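*Asks:* Residue numbers (the numbering used here), protein chains in the order written: chain C, 1 to 391; chain E, 1001 to 1344.
The hints are simulated quantities; they were obtained by calculation from the structure and are not laboratory data. No experiment lies behind these values; they were computed from the predicted model shown. The beta carbon of each residue, even a glycine, is placed where N, CA and C say it ideally should be. Hints are supplied without guarantee of correctness; some may be wrong.
Below, in silico cross-link-like pairs of lysine-lysine (DSS-like), each with a Cα-Cα straight-line distance of 27 Å or less [to be verified]:
# : chain 1 : residue 1 : chain 2 : residue 2
1 : E       : K1140     : E       : K1080
2 : C       : K52       : E       : K1070
3 : E       : K1320     : C       : K52
Not everything, but these chain E residues come out facing chain C in the computed CB check (under 10 Å) [as the list claims (entries may be wrong)]:
#  : residue
4  : E1006
5  : Y1009
6  : K1038
7  : V1040
8  : Q1044
9  : Q1059
10 : F1141
11 : D1223
12 : M1224
13 : A1227
14 : I1290
15 : T1294
16 : R1307
17 : R1314
18 : E1315
So the chains spell out like this:
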Amino acid sequence: MTAITDREKLAYANAQAADGRVNLEFETDEGMTLNMGPQHPATHGTLRIVVKLDGEQVVSCEPVMGYMHRGYEKLLEVRTYPQVNTLINRIDWLGSFANEVPFILATERLMGIEAPPRAQWIRTIMFELSRISNISLFVGDMALHIGAMTAAFYAFRDREFVLNQIESVSGGRFHPNYDRIGGLKDDLPKGWGADTKAAMARIRDFCDEMETLVEGNEIFQARARGVGVIPADVALQYGLTGANLRASGVDWDLRRDEPVGLAWNEVDWNVITHPDGDSFARFWVRVQEIREATRIVDQLIDGLPAGPVMAKVPRIIKVPEGEAWVATENPLGEMGFYVISKGDLGPFRVKIRTASFNNISIVPWVCRGVYVPDVVTILASLYFILGDIDR
Amino acid sequence: MTLGLELAYWQQSFLRSAGVLAAVLLPAGTFVYLFLFKMVSFMQNRLGPMEAGPFGSMQLLAEVGKFLQKEDIVPERADKQLFKIAPYLVVGTVLLVYLAVPFGPDMLFADLEGGVFYVLAISSISTLGVLLAGWSSANKFALIGGLRAAGQLIAYELPMVLAVVGVVIQAGTMNLNGIVAAQATGSIFGFDLLGNPYILTQFIAFAIFMIAVQAELNQTPFDMPIAESELVSGFMTEYSGLRFLLFFIGEFASAGAFAAVAATLFLGGWSVPDAWVDLDNDIFNLLGPIILLTKMMFLGGLIFFVRFTFPRFREDQLQKLAWTVLIPISLVNILATTVLKVAF
């Protein structure tokens, strides 16, 4: 970089110092520093974790983020509202549809329109499908990190059925880009409901299989039980959300508490919590959540109202001046969009609150004194998507 | 080698060397193709290699060719001599293990009086190679992997030896061919149709031996020295090209070697029960290797089935399992064997 002004020089030096601080802090003291990542199999992405070791025991541990920062919040400022949809699909790339919903809802709130009931129900179905496709991969991934390779393949196999359903609705397997301001891109294809219910039955079988193959395994229990215990108050202080918080025994679920115009309150389902707060609890809660999600989808398909899937929306979307905050319970935890509009074609400023960023911030607290393999277990059980951390 | 042939000493030496190489590479290759490529693929809902040769059977050659093309990288700060020696040490150990394994009444490379002792002692040397690789790589992941391997060796050598002691007591000899003969001609409480394969009478020793073999081979659930989700590749992290290939061959060849030893100790080795056919026949010099290979495949399938089913232990849990569970049980097994041996 060629620095032109003193101000730029200072900014550059500051950035260098911030980067070097972590290295310096960990290299100067006694003990061994292990640099896990940015390229490391356990971080499935480019998360860097600097671990200071005493033998195999972790003295301290610090996650370093930003290796995949894509500047989404800034990028969104130069997009029109319909264009934003494509970009925010890529934040949590395993549960893409769930990313679209809070932004669209915030925009709709600013514009003062509401999607027709059928669109809301289909949104909820797709939301839960993306939850299943996201979390079923977690189940295999956690087993893989603990050393059982085969379970990961089973997760990929059964997730395929859900992806097929998402594909047949939207045309996209990973990035559906299906939600629109005021409704949805298309109605459901014919016979989709029955196919999806068959897929949900497969997913319930998958849950049974995982419970016997992974959860019931003594080695898995020995590795996961009592490892990485997060008490409820600490979890709340660090801003943990989603299954990580529920696994610490906090009964908190935005789907029930703030249903923001989606159809969760219309059906019968339970919020799953576990009192232990360890890695096993986080695994267990997520598996149970897949089950609940299949129940939600089944009931929603049965009670799907008729009608249009698109409200009356102007051809060129201009959002009136104002600010709106909408958060939903995404697969990884609470995801929220704070949208500020100045009355233009695109947002003036968007603040994205993603779950993984907060979830991963507890790593230094929870990884003190554990062994190196436990770091991997804890990281896997906290379950982050790198795009969700760095945006 | 008394196959009715008069061979010069150099001819015999040549045959023996070729034989050891075949004995090492043939089971290793079969293990890789049959279990690592195919069985695991079917377990994991995929087909495995299908393009190279019929059903991918030539895949192994393609893999070897791939590794031979790769650059052989030695890290700048590595201890270069040790770094280069380590893989040869691992592979060489396996060659030495096969030296004592009998493939037929006369099909053996060396008829050692203390065959069991020799096999158990020599097989530990491979861990030295692993430790060297971990230490000399100048890589922290490799170092942790190497040290874990050392800890694992100490913990699991003991139950393995103690499990074998039961067999030795029952057979009354440490010669591997003697143990084979004892199983073929033995009888269980006068019932001699099956002979006395020690998997039936020494089943506890067999279970402990196989668990210890799993740990000795660094296979899941005891693969902490490699632990690909924690330590990238453990002690092999810095290796590439030919040297990585040697580690790879060493891993599967030693799986084959231990399967051969376990088959010899517990499944009757190259023999079939003496009640079926007269074993005192030269034809068994040819049939023996085939029979042994069949039994090895059975045990190899067991090893790899476990490897791809179970998660991985943590280092401290592994030590705890060895010292508080396996060693006491194997000691009790020795006691029971001794008492029964004296009683009957």
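*Asks:* Each hint: holds or not?
*Replies:* Cross-check of the supplied hints:
Note on E/K1140 and E/K1080: the hinted pairing holds, with a Cα-Cα distance of about 16 Å set against a maximum of 27 Å. Simply put, C/K52 and E/K1070 have alpha-carbon atoms about 34 Å apart, too far for the 27 Å limit, and the pair is violated. Distance restraint check for E/K1320 and C/K52: the Cα-Cα separation of roughly 25 Å lies within the 27 Å cut-off, and the hinted pair is therefore satisfied. About 53 Å separates the beta-carbon of E/E1006 from the nearest beta-carbon of chain C, more than 10 Å, and the hint is not met.
Because the closest C-beta pair between E/Y1009 and chain C is about 49 Å apart, greater than 10 Å, the hint is violated. For E/K1038, the interface hint is violated, the least distance from its beta-carbon to any beta-carbon of chain C being 14 Å, above 10 Å. With 10 Å as the threshold, the beta carbon of E/V1040 comes within range of chain C, its nearest partner Cβ sitting at about 8 Å, so the hint holds. Given hint, E/Q1044 at the interface with chain C, holds; its Cβ is 4 Å from that chain's nearest Cβ, closer than 10 Å.
Below 10 Å, beta-carbon pairs count as interface contacts, and E/Q1059 has none with chain C, the closest being about 19 Å; its hint is therefore violated. Annotation: E/F1141 was flagged as interfacial toward chain C, and the flag holds, the nearest CB pair being 8 Å apart, inside 10 Å. Because the smallest distance between the Cβ of E/D1223 and any Cβ of chain C comes to about 7 Å, under 10 Å, the interface hint for this residue holds. The beta carbon of E/M1224 comes within 7 Å of a beta carbon in chain C, closer than 10 Å, and the hint placing it at the interface holds.
Checking E/A1227 against chain C by beta carbon gives a least distance of about 7 Å; that is within 10 Å, so the hint holds. With a cut of 10 Å, the hint placing E/I1290 at the interface with chain C is violated, because the nearest CB-to-CB distance is about 31 Å. Here the hint on E/T1294 is broken, as its CB sits about 26 Å from the closest CB of chain C, past 10 Å. At a threshold of 10 Å, the smallest CB-CB gap from E/R1307 to chain C is about 9 Å, leaving the interface hint in force.
For E/R1314, the interface hint holds, the least distance from its beta-carbon to any beta-carbon of chain C being 5 Å, beneath 10 Å. At a threshold of 10 Å, the smallest CB-CB gap from E/E1315 to chain C is about 6 Å, leaving the interface hint in force.
Checked against the numbered hints given earlier, this structure breaks hints 2, 4, 5, 6, 9, 14 and 15; the rest are met.
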